[in-house]
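Each chain is listed here by its residues.
There are 6 protein chains.
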Amino acid sequence: MMMRLSPPASGRFFQATSFDAHFGGGEANVSVSLAHLGISSAHVTRFPDNELGYAAGAFLKKHGVDTRFVQYGGPRLGLYFFENGSAMRPGKVVYDRAGSAFDCLNPDDFNWEKILEGVRWFHWTGITPAISAAAAEACRQALSAANKLGIYVSADVNFRKNLWRYGASASEVMEPLVAQCDLIVCGPPEATECLNITPPVNDAHPFIFMAEQLMKKFPKLKKIIATRRDSVSANHNRLTGLHYDESGYMESATIEITPIVDRIGGGDAFMAGYIYAMLKNMPIRQALEFATAASALKHTFPGDVNLATAEEIEALMNGNNTGRLIR
Amino acid sequence: MMMRLSPPASGRFFQATSFDAHFGGGEANVSVSLAHLGISSAHVTRFPDNELGYAAGAFLKKHGVDTRFVQYGGPRLGLYFFENGSAMRPGKVVYDRAGSAFDCLNPDDFNWEKILEGVRWFHWTGITPAISAAAAEACRQALSAANKLGIYVSADVNFRKNLWRYGASASEVMEPLVAQCDLIVCGPPEATECLNITPPVNDAHPFIFMAEQLMKKFPKLKKIIATRRDSVSANHNRLTGLHYDESGYMESATIEITPIVDRIGGGDAFMAGYIYAMLKNMPIRQALEFATAASALKHTFPGDVNLATAEEIEALMNGNNTGRLIR
Amino acid sequence: MMMRLSPPASGRFFQATSFDAHFGGGEANVSVSLAHLGISSAHVTRFPDNELGYAAGAFLKKHGVDTRFVQYGGPRLGLYFFENGSAMRPGKVVYDRAGSAFDCLNPDDFNWEKILEGVRWFHWTGITPAISAAAAEACRQALSAANKLGIYVSADVNFRKNLWRYGASASEVMEPLVAQCDLIVCGPPEATECLNITPPVNDAHPFIFMAEQLMKKFPKLKKIIATRRDSVSANHNRLTGLHYDESGYMESATIEITPIVDRIGGGDAFMAGYIYAMLKNMPIRQALEFATAASALKHTFPGDVNLATAEEIEALMNGNNTGRLIR
Amino acid sequence: MMMRLSPPASGRFFQATSFDAHFGGGEANVSVSLAHLGISSAHVTRFPDNELGYAAGAFLKKHGVDTRFVQYGGPRLGLYFFENGSAMRPGKVVYDRAGSAFDCLNPDDFNWEKILEGVRWFHWTGITPAISAAAAEACRQALSAANKLGIYVSADVNFRKNLWRYGASASEVMEPLVAQCDLIVCGPPEATECLNITPPVNDAHPFIFMAEQLMKKFPKLKKIIATRRDSVSANHNRLTGLHYDESGYMESATIEITPIVDRIGGGDAFMAGYIYAMLKNMPIRQALEFATAASALKHTFPGDVNLATAEEIEALMNGNNTGRLIR
Amino acid sequence: MMMRLSPPASGRFFQATSFDAHFGGGEANVSVSLAHLGISSAHVTRFPDNELGYAAGAFLKKHGVDTRFVQYGGPRLGLYFFENGSAMRPGKVVYDRAGSAFDCLNPDDFNWEKILEGVRWFHWTGITPAISAAAAEACRQALSAANKLGIYVSADVNFRKNLWRYGASASEVMEPLVAQCDLIVCGPPEATECLNITPPVNDAHPFIFMAEQLMKKFPKLKKIIATRRDSVSANHNRLTGLHYDESGYMESATIEITPIVDRIGGGDAFMAGYIYAMLKNMPIRQALEFATAASALKHTFPGDVNLATAEEIEALMNGNNTGRLIR
Amino acid sequence: MMMRLSPPASGRFFQATSFDAHFGGGEANVSVSLAHLGISSAHVTRFPDNELGYAAGAFLKKHGVDTRFVQYGGPRLGLYFFENGSAMRPGKVVYDRAGSAFDCLNPDDFNWEKILEGVRWFHWTGITPAISAAAAEACRQALSAANKLGIYVSADVNFRKNLWRYGASASEVMEPLVAQCDLIVCGPPEATECLNITPPVNDAHPFIFMAEQLMKKFPKLKKIIATRRDSVSANHNRLTGLHYDESGYMESATIEITPIVDRIGGGDAFMAGYIYAMLKNMPIRQALEFATAASALKHTFPGDVNLATAEEIEALMNGNNTGRLIR
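Those protein sequences? They're chains A, B, C, D, E and F, same order as listed.
Quick note: the first sequence, position 106, residue 458 per the numbering used here, numbers continuous.
Quick note: the second sequence, position 303, residue 655 per the numbering used here, numbers continuous.
Quick note: the third sequence, position 244, residue 596 per the numbering used here, numbers continuous.
Quick note: the fourth sequence, position 227, residue 579 per the numbering used here, numbers continuous.
Quick note: the fifth sequence, position 43, residue 395 per the numbering used here, numbers continuous.
Quick note: the sixth sequence, position 13, residue 365 per the numbering used here, numbers continuous.
Pulled out of the complex, with its shape left as it was, chain A reads as follows (with noise of 0.2 Å):
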């Protein structure tokens, strides 16, 4: 988890008096969001011992997460620097997350089979072993971990380019540790960088030639999931859930999304939708379009995190998007 530092509202970094701070990261969002569904839920990571790390962990507090795994120690609080794309002009994110308390942990601090024990749901994603040989040296004794306490684990495939950079290559770490996943978030550029599968050019449908490779390629991989973004603009996407199993193919409902408040985090908000939504052993298609509503909800909230109850995601979800005022 980071913090991040935005210029208020449409305003350049250049002009920035003042930066507007949130808190979030892949796995942490997921973590906040389930709580917001009423699933309890913990975070393990690692933060500085200094005031802007106590302020990260009171963050997960304040929205319900378990902190108890937290760990404090080390240099600095990973950030990034937000600005807010309009119209046609994108949003930029400068990342300043290098020396962080996280890419320094030490993996033997982490007592994994204690962490999970009586846990339902392990989920990582792709940002963690691409941070620094110790994260991933981390991920993988938390999958080994969960894999022999018989927990479902899930991973946002999540390739990040200008990460990777302490020698080991996506792919060479990525795939033991996917081959260890129940259900992962990829697209087509991810299982290219990460998973050493490319649909052919011009495939007419590369998600589902993409997940057809993975689960032969990964035997214990039951689902792929993901979200297509069609941006009209930084102010108007329109997002459908992807998904694949064993029963094929299926398309979520699109959803437009005009204005976006935030658009950081709409991934993460999916994969906590998906997850509360096999908690709760809702059909596939239903359990689908909950993911898709959630994320799309995401977008309307300012922070990195979703804010949304079920109750919201299910009216969405039942076709209420007219946005109407409830008194």
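Calculated from the structure, these hints are not laboratory results.
Keep in mind that the hints are not guaranteed to be accurate.
The list treats identical chains as one, so a pair stands whether inside a single copy or across any two.
[As the list claims (entries may be wrong)] Computed list of lysine to any residue pairs in SDA-like fashion (alpha-carbon distance at most 25 Å, straight line):
1. K513 x C456
2. K574 x A488
3. K575 x A497
4. K444 x H557
5. K568 x A531
6. K572 x A662
7. K444 x P540
8. K444 x Y424
9. K413 x K444
10. K568 x V584
11. K444 x I678
12. K632 x D401
Since the structure is predicted, the reported quantities are computational estimates derived from the model, not experimental observations.
Given chain A's structure and the hints, the job is docking chains B, C, D, E and F onto it.
Chains B, C, D, E and F alone, transformed into the frame defined by chain A:
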């Protein structure tokens, strides 16, 4: 009139560290809008005799409303908390108005014959008699005085299901009050809840059906008007004015409103626009277009009240809807 | 250059308890935009010798504009108050620039041959000679020096009807000045007001008619450019670049701009984009697309000046208009 | 009355990206303060017929001042820019009031006999006749009418050296005006500049010397009052009320003011306090203490006007100066 | 716990266009402060089952307080409006807490033996039984359970005259409750109002007199503590801790607090500091100094709760009171 | 130069939802201050080649500093988080500067002989060589070039214990660098840590002892200056300038600073004031008073840099310390 407290911009209540404050309320919004249109108007109410009550009174004064008949006393100022919606996410209102100074008014404190001396028009809304038996009684006395003095009376029927808690049913109170009106703002849902008139399911024109029945039921009634709000999203609505009188049914042109800055008070701006138009003797068609344009412009101002001038409303009514900069 | 004072967000002047401050002005906006494009540029003007004047100078410095030739003296800084429009509600400008330090400049204080030494391009706008006889005289002397030194001269004809109060008519002043230009930004309304050229009513292509006449009337003139702004609402415009030279008429692709963050300075960004393109020897078609894209991007930045880099403008010009986040 | 624009908190003009807006002016501040004390008061002035002028009028209305006699017309609203001081750093005012609607008023537009009908007290300040010959003339006519109607007249002599630019000297204008007053606020510097009375160097009590001379020179004059401000720092002043009348000289208790929230308008609050005390027939000693306490409390409110109630001022006057929380 | 709404900085209610929001309340402030001191603490209360209630709960979670026993239900969240004082101007509180969810709690909903299982200390304040008969009953049951379980009990006697409206007198309710306490925070005014003990007029040490009497009257009582606040101004107080037990009377060193950032919650911080000190087995003298330093530090944080760490409080207690920057 | 991020007003890191941004750093603050004093100054550093780096450069430009020699490249912009102190609560700095673009500079990228061409004065601080071996080497080369060119060299010895992590000890690096200086800012703690000179315990005048030893140890050194800061609270300091040269020891008048707006950069403002005074050939006594007044005024501006003009500093130096409003 209440104080409205809103998290800034698109934030949730959960995230708020400050609240933007506005003042508003059905009848007050009409008074303020008329004052901005250059019509001399007074608001009669009761505020608590404390700093928040004085601020409420000062708000009316600032906007040019005559506050001579405002009483100060009683327990508290009514509040409501309003969270802006965004895209498909609905805005939310959390009312906190129970036990207000207005609820606890003493009907005998208002000498309506004196208050209404020299007045041309009296307007009230269905929120007032819904609040408490005392408020309903004050309303009854006001209407009686207005009728005695031959003053034109309008009402916005305005049903709020979370009010009406003092024992009386909406219809038993509202029917005799509406019977004393010349004009009402009313749509089928309000007619059902408050006036015991329900268009048959699948009626092609429920508004027309309702209006015909209302005219029959309430012989004094000369006009029934309303707006139809087609909600594309929380930020994008389409607004049409509806009008029924002895000459039959009429609709205004539909106005596209996107983005909406603040949709609260749209109905009150419509009413104020129509009152203005009648006081200026506009032909019916023009009056309806003026009222609809007034309501549409309201959506572009932060706060509950319409700040548009007659000149601005006329420009929009005459088709100048492109928002081109005026230098 | 003036200071702009705006109520925050969508508020009215009537509601403002604070004003956001920006600096801007026709010529200054062009200088700043060129500086952000990496072109060395200087701005010549006069600010009052007080803290507001120094702040204005510092604004130019911050944006990389050479302020060596700025003079400090005279009564006051020109201001304008700007209320943002929303949806169908127009934005409003209240100018408060009379009696500024710039109005009262002494033409003899500017040694144009020295100022223009080594310069490749000189740009002025029709606002300068409209302000005062002294400003018009300074403009005349500058053009004379520029012509003597063989510098390329452009002008934005820019008619403001609430200026031109010092006795001279717009056309008697502007015609001899435009006669010394190589390129002008001018549309039919400006040509009518300032240059005595009016396309016939119902002419199918008034811009082309006007341009042909201008080329005849002003033999030095080589290019006439302009933007066509199609206004859907205060928040949604469509922008097209228009171009006329000896090779005839050309239009750029039309760019959809929604939502508009700030439309002030769009024309100046267009001019700066075109200057940049010519200095970089872009072919005409590309230059026009670049200038139009520059202008469109300006609409996404708060303030009067264009903060876009050449790389960002090129991306848009090359069709990258979906506003997808750049990580 | 002008609009005041200030950088937030302790920032410099050089740093400002927004300005806090307040309204204020010598006479207006007195009217507003009286309205908060429950005294019916009206302000007579001229604002421009634009949105800024209406906002100025609305400010007066909000504070309960009668604006019936405010005229709308003329070029611009007077402004002043105010940078807060801090510790040993002085606050700074940059006036920008030349050419205001008030400067350019037409004295014939004010029918003083009608305006002053039924009025008990008329107050003016030395700023008005300093602004323009027209404003001085309006002042002259107002005083003449007030004297004719037997209204008590007070003036704050208030010398501003950067005004008085229309050709007349301060003393030639002010002397005949002061001759028509019953009470003035005046200290030795103003007496020197405007009334040709200068205490000898090293006089032990220059205020007493001055007051004696003024009483001799202006036979109508009954009282001379002033405040002595002992400045420890920009945030810490000590305030003492001075009083001279036929019964001789009197000083109020000294009030310690730290921290100062906003020192602008302290003199006007003193004047308003004294007017209130006289209208309430307080004994002189009490009146002086009340006026001084009123002035001191003004320093604790942001903006130019005193928002204190009579009850609050009396509490302070009675020694309740510890600022203990009132629950 | 209530939500506090304050005009920003030194503004009056009359001027507010927004309110800063904080959460706080006697018992809640103690819990939060203890959590920041590293002591595990829980808060037992009732919030409404709406977004404001959830925000209140999230506030406690963020600060590390256990919210397991918070109930959600009932009408509204208690509010209070707080205007900051400045210099000699007092701050003002406008309470708006009548009819809150807490007022309307059902005492049977709290299973105190379960809630208090494993607990070492129970703290309550005199505000709770003052609010409603139901709240008083809940308090009674809690104390009974606490006594049964042998838990140390403290109370802040805390008299608020605008509460106690449900028919019972303060003393008839408070005396039996205080009889079950081991330690109370109480000064002479509270003893008079709630416990029928009034020091003789002109008693040299009214606190000592009161404490002696209290010890006699309530045999279970072992300690009476309080703070003495010497108010120089709203921004400058001097704070001294008072302590009485079997070994007699003791005073802490006096701490100068200037400027005060926020004085609300100073007493609660004192109580929390004393609880911490006792749980850490500090000697009495040290415990009193620690509690007083904790209270003093509270005055430097915006909001109702003390954010100081034990390390910071100890530094101050050890004389490090110069506020030197820590790099 | 770093970006500083601070919670607004007196808030804690724990409470921050936004951060105010400023730029500052030892040497940069001196350059900016000199530019505001009218002295032409340049800053040599390295910023990252991203939007934050450009914003840092623009900050220097805005303040009139020559940025010709700033390099753009490398990983990140150094940051520091600063929490304001209040009363007895200390301010806190959390540095986050490791791995900055400046740390990773390449000494060979700076051609010092060219950079220093025509320069009269070169200033550096002990922070630079503390950051990295590369920065220390750049410093060494700069000093060598400055000495070769006969440029006056000053240094602020400025020991920061959380730097110096690259293996070298402070004294082994600093001693040879200080040996090349003409003037240093240094107090006993820095002399102990960096220059191996420690006044005996209980020495009556440790600064004098230290200065004498330094003069002996470093023959080139002509002046040792420093400020003594007596801290009453985080908001109230007393500042005295100390001065030692061949003529012996001298102290400035002590300046009371309350309230402090922002104490960061006080030492840099002192240095800049002294450089200005020497370049203007002020006598030593006056130079010291000027430098001390400059430093005191810095405390009244938000941000790291001194915005005072020479005129303002002189006014204070001449005893005008009452902060009286300048109209």
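Consistency of the hints with the structure:
no.: 1; hint: K513 x C456; verdict: both (20 Å within a copy, 22 Å between copies)
no.: 2; hint: K574 x A488; verdict: within (23 Å within a copy, 57 Å between copies)
no.: 3; hint: K575 x A497; verdict: within (21 Å within a copy, 53 Å between copies)
no.: 4; hint: K444 x H557; verdict: neither (30 Å within a copy, 41 Å between copies)
no.: 5; hint: K568 x A531; verdict: within (11 Å within a copy, 71 Å between copies)
no.: 6; hint: K572 x A662; verdict: neither (30 Å within a copy, 49 Å between copies)
no.: 7; hint: K444 x P540; verdict: within (23 Å within a copy, 39 Å between copies)
no.: 8; hint: K444 x Y424; verdict: between (30 Å within a copy, 19 Å between copies)
no.: 9; hint: K413 x K444; verdict: between (29 Å within a copy, 24 Å between copies)
no.: 10; hint: K568 x V584; verdict: neither (35 Å within a copy, 44 Å between copies)
no.: 11; hint: K444 x I678; verdict: between (34 Å within a copy, 5 Å between copies)
no.: 12; hint: K632 x D401; verdict: between (37 Å within a copy, 23 Å between copies)
Checked against the numbered hints given earlier, this structure breaks hints 4, 6, 10; the rest are met.
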